[in-house]
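When you get a sec, could you build the whole thing from the sequences and use the hints?
These protein sequence lines are chains X and C, in that order. Mapped onto my numbering, the consecutive letters of the first sequence carry residue numbers 209 to 504. Mapped onto my numbering, the consecutive letters of the second sequence carry residue numbers 15 to 396.
If you're looking for bench data, these hints aren't it; they were derived computationally from the structure. All residues carry an ideal CB built from backbone N, CA and C; glycine is no exception. Mixed in with the good hints there might be a few duds.
As the list claims (entries may be wrong) - Restraint ranges, calculated between C-beta atoms of paired labels, are given here:
(1) X:Ala272 x C:Met15: 18 to 26 Å
(2) X:Arg252 x C:Ala316: 52 to 60 Å
(3) X:Arg323 x C:Gly255: 52 to 60 Å
Claimed, not checked - Here are the simulated SDA-like cross-link-like pairs (lysine to any residue), alpha carbons at most 20 Å apart as the crow flies:
(4) X:Lys468 x C:Ser123
(5) X:Lys468 x C:Leu201
(6) X:Lys456 x C:Thr119
(7) C:Lys95 x C:Met130
(8) C:Lys125 x X:Glu268
(9) X:Lys468 x C:Gly71
(10) X:Lys456 x C:Gly136
(11) C:Lys74 x C:Lys125
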Amino acid sequence: MSIFVDENTKVVVQGISPTSQGLYHGLRNRAYGTHVVAGTNPKRGGEEIEGIPIFATVAEAVEATGANASFISVPPKFAADAIIEAAAAGVPFVVCITEGIPAQDEALAYNRLVREFAGTRLLGPNCPGIISPGRCNIGITSGDIALPGGPVGIVSRSGTLTYQALHELSQQGVGQTTCVGIGGDPVPGTSFIDCLGAFEADPDTRAIMMIGEIGGSAEEEAAEFIATSVAKPVVSYVAGVTAPPGRKMGHAGAIISGSKGTAQAKMDALAAAGVTVALNPTEAGEAMVDIVRKLG
Amino acid sequence: MDLFEYQGKQYFARFGIPISKGGVADTVDQAVAQAEESGYPVVVKAQVKVGGRGKAGGVKLANDADEVRTHAGNILGLDIKGHVVKRLWVEHASDIEREYYASFTLDRSAKKHLGMLSAEGGVEIEEVAVTNPDAIALIHIDPVDGLSLDTARSWVDRAGLDEPARAQTAELLVKLYTCYTEGDCDLAEINPLILTPDGRVHALDAKVTLDDNAAYRHPEWDEFAGSDVEDERETRAKERGLNYIGLDGSVGIIANGAGLAMSTLDVVNQCGGSAANFLDIGGGANADVMAAALEVINSDPAVRSILVNIFGGITRVDEVANGVLEALERVHISSPIVLRLDGTNAIAGREILADHLSDRLVAEPTMLDAARRAVALAGGQS
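Next up, the structure:
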């Protein structure tokens, strides 16, 4: 099993043209074995690119192909509208990897989803996507660093650290059920808690790796949730122990404001919730390998 | 991007938020001219992006031209917590009956906008939040709904502002919310918002942080750019389009991805060293980007070793390897470089580098090994 996406997931890639990022990533995902069933482009409805049928709108693509997930990598100024278009077309799972969406647009789109399109889950924006190894890969994660078969579920706020986490586990022969990158923006569509809850409910996931970073209070909220609602073992690493306050560390959301959002506060909260807290990605990988071996 | 007070006030003015009559001055003569224009008495205020200006002697009242000369002369060039004053804001001094506080920002937990309003302004709001949290009236605003005048009115009542200030403040809050949303601010804060003895409400200070992601739809922001970078290294990096933050250590860092870059800093620290910078080269680790990154780090005299930590996702490690070699042909790098290359096409990448490795260009298999080596080369413990 896996969470959010599996071998039955059918993906429509929004904003596809012969030179778009969407096509590039869509083809990579298809090569991994993901069912990429459609693309959209308002000017190219009825065409076919690399064997992918193109529709003018997401609604038409869903109607014709039964797509149940969408993949958005369009430029920031178009991304919020693309998310709403997918939701309005009834797509239940929308992955948006676009980086640099204005926070106002992101907050508005998120709240519109909550109020008007409760049936749609947004992953991202500004995230690497999601991979259920061997079943489905939507986004930019390199499929060959993931290992099918579980038993570890990974959820991460950072892109390359997600790869690092996959790598640390795969190298030790420990597979993953699903690896979710929730992204480093201030208003992520899917939270740590959403993923922790889904992993807890997934029978094949037996342990959870959570990669956090400085800024906001998502890790502290996750810690509270873990304390009350997660029985499976959790290993965590939080990046940014040495980050200076008041500076955005690459991600729009990665900023320590005053004394809030420090890595130390997050690690303390997680440790208090019974999480195994590692000081670097390698240590996190080793701790998880230990746990998995003990699970037998 | 944080704005200076004068920029923030000018930004407020675009949205109809009342401010005191005033203008900027870069010289003593300009300050006097601006004072005459604004009308005495005036306040001469240092323009720096750091708190505690008043205590540092950066804000002074002047009743005539002589006093303006004295104060402007003293404040220009003043060093306030490492920020040297190059510009003044000179405005007509307001009589103050009461001082309030108002701000809008994003509440990331609630995923809604957060308005804060207090009848106790003019002091650090963080302090009020700790000592007297009830004195701050909070409001969560769903961006779908926005802030109506009716809602603003009841919010003002709830905050307990003085009766003569309420109607004007409600209107001002709606304008400030518009400034915050349509003006794409991460933060729009007025502290103090004042009530004058003759019953007028206006902004006496302005703290505005703009959302850099929205710059594409605000060509008017161009005039704000380039005015706040204090670190020469950061200026150089910015010119080259790099995501760089200067730090105090001796190990230069190049990584792809913000999380990995942050993590690299942490690991260097755990190995007993300290990072000279944060640098995320993102997905575009080609020769140009790599050369630019190495150049910027090389120009930092504190750097003793350079750690390049790449985990290829979309970024292909063989391209990174070629990028490093090409960059080294273009730029002479004075510090030894430690490479850790993993991920997509890592084997091909390592093969490309194999013939070029030396004591100046070292490869390590893991992030931890690479950090230990870089710290040792920088003269720290290994």
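For each hint, the structure was consulted:
1. X:Ala272 x C:Met15: 18 to 26 Å: Violated - the Cβ-Cβ distance for X:Ala272 and C:Met15, about 45 Å, lies outside 18 to 26 Å.
2. X:Arg252 x C:Ala316: 52 to 60 Å: Given range 52 to 60 Å: holds, Cβ gap about 53 Å.
3. X:Arg323 x C:Gly255: 52 to 60 Å: Once the Cβ atoms are compared, 38 Å apart, the range 52 to 60 Å for C:Gly255 and X:Arg323 is violated.
4. X:Lys468 x C:Ser123: Distance of about 13 Å is within 20 Å: holds.
5. X:Lys468 x C:Leu201: Holds. X:Lys468 to C:Leu201 sits at ~16 Å (cutoff 20 Å).
6. X:Lys456 x C:Thr119: holds, 16 Å
7. C:Lys95 x C:Met130: violated, 28 Å
8. C:Lys125 x X:Glu268: Violated, at roughly 31 Å.
9. X:Lys468 x C:Gly71: With Cα atoms ~29 Å apart, X:Lys468 and C:Gly71 exceed 20 Å; violated.
10. X:Lys456 x C:Gly136: Given pair X:Lys456, C:Gly136 is violated - Cα atoms ~27 Å apart, limit 20 Å.
11. C:Lys74 x C:Lys125: violated, 40 Å
Of the hints listed earlier, those the structure fails to meet are numbers 1, 3, 7, 8, 9, 10 and 11, in rising order.
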